[in-house]
Amino acid sequence: MKKFLGRLLLFLIVAAGAGYLLFPVVSDQYAQYQNAPRIRYYRQRAASLAPATEAETTEKSKAWNLDQLLESIPTAENADAPPGGAEEEQDEEPTEEDHPPAETPAGKNPWSSLMATEEGITPDRVAQLITLYSQADEPIGDLIVQDPFSAEDTGAVSLLYADGNGVIGILEIPKIGLTLPVYRSNSQKNSETGLFYGPGSSLPVGGAGSHALLAGSGGQMAPGALADIGLTGAKVLKDMDRLAAGDLFIFTVMNQTLVYQVDQVSAGPAADTIALERNRSDERMTLVSATLDGGRMTVRGKRLNPDSSGDVLERENAAFMPPDWVNILAIGSPVMAFGLLVMFIVERVKRRRYRLPNEK
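Going by the working numbering, 287 is the number at position 287 of the sequence shown; the sequence numbering is gapless.
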């Protein structure tokens, strides 16, 4: 009886240790399992969008970003003139039927005077202003936004396409093998397993001078009493501290893929506001995570030129995607070790059951 209790105690200790080590891994894998159908659903819905609908959504979102850019410029004289300062003749004035005016999102101030022309927000005018203000390369005013984990929705995100789950895009970080849905709101449910758009930042569709902000948890604590013994749940952005300058992250919005290269990684305490640096010609995105100790981890990236991003992605995949034999070894080794352990235990039990009377 004493031997049985001793073995039972040993088994419980080993099981408890294995459970303590495996719980974070299993919890994170379960979170990824939950995210997989949402990511797949978003891709399917985005693929079914009519090209005209996608183009209109992108145009309105970029117009909103441009309005943010123009608001930070102290003087706006000669903004109506085309690039180069000379007036260009147009064969035909754009009509309201050709290019309907963009609607102002709820909670947003009216369009700036540069945008409020008689013909409305036309694609030609947006393109003209983007060209005009991207000619210079000097920094413009920083975009000051509220801490995304406490900021209120400004209504601008309603311009973006969102599927039935509220997903507006997908973030991928090849180096740490991360793929997460990005939601339109910062509700607790969304931040537990995915990311969300940072209210007040540029809409994540690109455009000269834009700087979008995406935020998410830097790791979830396990529920209830399990958290008291230090167990964690879904990682979300917990491994983001492994990123360094030169690494890539990829954001997919509708059917457009935006590739960003990390140029700054920082960590610090939480603050009420975040300053997003902007440049006239750059397109930037910042990822922010709320760490388990209450701080903030920040990774900033600059968008790569679409013509060169394909080659960079191939090099990234070659560097961080292990070959098949490495995957097989990584998965097979623990299974083989467990199988050997079971065989050893079974063999020991058999030997003790069938030993001769004079054997100890």
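Hint data in this document are derived by calculation from the structure and do not stem from the laboratory. Beta carbons are placed, not taken as given, at the ideal position from N, Cα and C, and that holds for glycine. Some clues are possibly wrong.
Just the calculated beta-carbon pair ranges, DEER-fashion [stated by the list, open to error]:
# : residue 1 : residue 2 : range
1 : Leu22     : Ala47     : 32 to 40 Å
2 : Glu192    : Gln264    : 54 to 62 Å
3 : Asp163    : Asp293    : 44 to 52 Å
Restricting the straight-line Cα-Cα distance to at most 25 Å, the calculated cross-link-like pairs of lysine to aspartate or glutamate (DMTMM-like) are [as the list claims (entries may be wrong)]:
#  : residue 1 : residue 2
4  : Lys175    : Asp241
5  : Lys302    : Asp282
6  : Lys302    : Glu59
7  : Lys175    : Asp282
8  : Lys2      : Glu56
9  : Lys302    : Glu71
10 : Lys302    : Glu172
11 : Lys2      : Glu59
12 : Lys175    : Asp153
13 : Lys175    : Glu54
14 : Lys2      : Glu54
15 : Lys175    : Asp272
16 : Lys2      : Asp153
17 : Lys175    : Glu71
18 : Lys175    : Glu59
19 : Lys302    : Glu277
20 : Lys302    : Glu54
Each hint, compared with the structure:
1. Leu22 to Ala47: 32 to 40 Å: Given a distance of about 37 Å, which is inside 32 to 40 Å, the answer is holds.
2. Glu192 to Gln264: 54 to 62 Å: For Gln264 against Glu192, whose Cβ atoms are near 27 Å apart, the range 54 to 62 Å is violated.
3. Asp163 to Asp293: 44 to 52 Å: violated, 34 Å
4. Lys175 to Asp241: Holds - the C-alpha atoms of Asp241 and Lys175 are around 11 Å apart, at most 25 Å.
5. Lys302 to Asp282: Judged against 25 Å, a Cα distance of about 7 Å means the pair holds.
6. Lys302 to Glu59: Holds, at roughly 21 Å.
7. Lys175 to Asp282: holds, 23 Å
8. Lys2 to Glu56: Violated, because 76 Å separates the two Cα atoms, which is more than 25 Å.
9. Lys302 to Glu71: holds, 22 Å
10. Lys302 to Glu172: Status holds; Cα separation ~15 Å.
11. Lys2 to Glu59: This hinted pair is violated, its Cα atoms lying about 76 Å apart.
12. Lys175 to Asp153: Given pair Lys175, Asp153 is violated - Cα atoms ~31 Å apart, limit 25 Å.
13. Lys175 to Glu54: violated, 30 Å
14. Lys2 to Glu54: Roughly 72 Å between the alpha carbons, so the hint for Lys2 and Glu54 is violated.
15. Lys175 to Asp272: Roughly 30 Å between the alpha carbons, so the hint for Lys175 and Asp272 is violated.
16. Lys2 to Asp153: violated, 64 Å
17. Lys175 to Glu71: violated, 37 Å
18. Lys175 to Glu59: violated, 32 Å
19. Lys302 to Glu277: Answer holds: Lys302 to Glu277 is near 11 Å, not above 25 Å.
20. Lys302 to Glu54: Given that 25 Å is the threshold and the Cα spacing comes to 24 Å, the pair holds.
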